[in-house]
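Residue numbers (my numbering), protein chains in the order written: chain A, 1 to 96; chain B, 1001 to 1528.
No wet-lab data here; the hints were simulated from the structure.
One thing to keep in mind: the hints can contain errors.
[What the hints assert, rightly or not] Think about it this way: if two alpha-carbon atoms lie no more than 25 Å apart in a straight line, the pair counts; the simulated SDA-like pairs of lysine to any residue are:
1) A:K12 with B:T1498
2) B:K1211 with B:K1311
3) B:K1472 with A:S79
4) A:K2 with B:D1480
5) B:K1506 with A:A13
6) B:K1416 with A:K12
7) B:K1416 with B:K1495
8) B:K1306 with B:K1246
9) B:K1495 with A:D87
10) B:K1472 with B:K1506
11) B:K1311 with B:D1276
12) B:K1430 with A:D87
13) B:K1416 with B:G1169
14) A:K12 with B:A1353
15) A:K2 with B:G1029
16) A:K2 with B:D1053
17) A:K12 with B:K1306
18) B:K1311 with B:R1181
19) B:K1211 with B:S1286
20) B:K1416 with A:C81
21) A:K2 with B:H1439
22) A:K17 with B:P1290
23) B:K1495 with B:D1480
24) A:K12 with B:E1509
Here's the letter readout for the chains.
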Amino acid sequence: MKHTKPFNRKAKALAEKNDPEVHGLACGVCCASFAPGWEVGPTGAVDPCPWQSDLFLCWSTCFWTAQNPDDNSYPGWSSSCGNLQNDWANLCVVPD
Amino acid sequence: MTVRGSNQPGDALPQELYLRESLPVRVNGDRYLLVVPTTAFVGLDPVGAAVVDVLAGRPSAGPEEIAALVNGRFDRPALAAAMTELLQLGVIAQVPTGDPMADGHHDGALTERAFLAPGTGAAVSGWHEPMRTDPFESRELPMTRLTMHVAMDCNLRCTYCYADTGPYGGPRGMMCEGTARDYVDLLFKNSGDNRAVNLTFFGGEPFMNWKTMRTTVLYGEQRARELGKRIHFAVTTNGTLLDDEKIDFAIEHGVQVTVSMDGPPEVNDRFRILPDGAGSYEIVVSKVKPLLSRSRTATRVTLTRKTLEVKRIVDHLLGVGFHDVGVGVVSSPDSLMNLNPEDLPKLLAEFKACAARYVDAALNGGYYGFSNMTTILGQIHEGASKSFGCGAGVQMFSGDPYGNLYSCHRLVGNEKYQVGTLQGGVDRDKQYEQLDQVHLRHKLECQTCWARHLCGGGCFYQLEIHYDGDLKRAYTPFCDWIREWFTVGLDAYAKIMTANPAFIDKYVEASDASPRPGPAVFERAPTL
């Protein structure tokens, strides 16, 4: 290799491998955005996120945002969901 | 996809490329990357670095766009060659074409990701790529390492001892020779295709049960010969009971001795005391000296928040004649000894001082026996991607004198971590249930950490004593420290591999400080 140098064993194993895998970017799942829908404002008060956050949260991980419980009212609501893809069904349902 | 042999951007390269989650490392002006999902460590020349930099600044780009953004600094064949190499090494990857919602895209390679642009506070750049969550492989894992608690008693009364000075909260007792032989048979029987097994004598103070230790070594050697396998022995001791007979035996039979000591007399004798309260330093050094002159011996230091002078401790113990000094942090039920978050900067500064001394020696053909550094270099050099904090309960088990098997040697006596018996063997259902719980994929805090596959997410013991045994949590108070320490390790690895790679072959690969795990101990990165 001319422009890169594999240093450790894993890199060397990859350098010798003949069929580089193709990995995809995400297709968004809405609950990938774990914003609580609240933010701490300049006075320290907790305010609802402005509507712009819908756009911000959409820009890469998801094509629309999801409503998520906030951690203060529902501590640990996502603690049983270490990995969304597998464990999404473990997410707690909280009262409206 | 054919990418090799291409020499023009766009010629046989994928249409759209993205940078995988990776940690940039800069040493002496040279560029390196740790690719987080695979733990590959890669050096970059200016052309490779230019491609990476372009992709670090945007979610994705095509080869033509990359060439345009590099802005004429490098010619197109060079850029195409660099992209080809980066693809091959898994540093960059192809953005899939077609409908992402179509069948076949939900196969585990496609997961939720977030683009981490430089300047957003992330240490890494590229696309965050959570691990695949294939079900834990439920084939029978071989047993390759058994820790045998031959003595559940001790002749010291170290105040921080997690074993409650020997009995782990249970009755004090010794393992009989017959039980020890049965453990040897169990180890060989469960070793699968592995040609070598490891047996560690542990306690308590193992040399309190010298008779069983001695006959077990002889029996293990005999069984290894009969089975055409190898067996390696190790013992962790406080050193107070060593004498000429035991030292001769250990050297003759290759028993690797690790002595527990905490440093200079005033440090060591603070916690490592005899039953009458007197310090143990003098007696240990006098008993160990004859061994040190004949064999490369390691010592293991337990740090408390009151004894954090790592550099002074390491220098002292190397001066005593130990070849390697390994340092661990106490996990004591006594919270006054445990380190607090405010102690960690001091600990890190001490570790960095030892690391600097280590690298200096390595670049000048010497060896500074700070084995924490040797261990971390071994791990980086291997590039293994860990899904567990350690091998406990995977291929490593612990047996008590009463025929009970546990996943962790520190949790002997705790029924929750009992995963079998000497008679019945490993309870595979319980083992897999426990491993599935402690698997990295459940630990929320680990999912976005660049060091997750180097660290593995913490250990059974920490989770048991700090989080009431909630195995799905990550033990977080040390996370920043761990990341900093791996950063130091990556920096040292880059320096040593660039200037004196022979050092790694000589000291790191050959080191017993970091026993190389079998292939199943640390799961390979799913995206190798």
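Requested in this report: Against the structure, test the hints numbered earlier, and report the numbers of the ones violated in rising order.
Outcome: 2, 4, 6, 7, 8, 9, 10, 11, 14, 17, 18, 21 and 22
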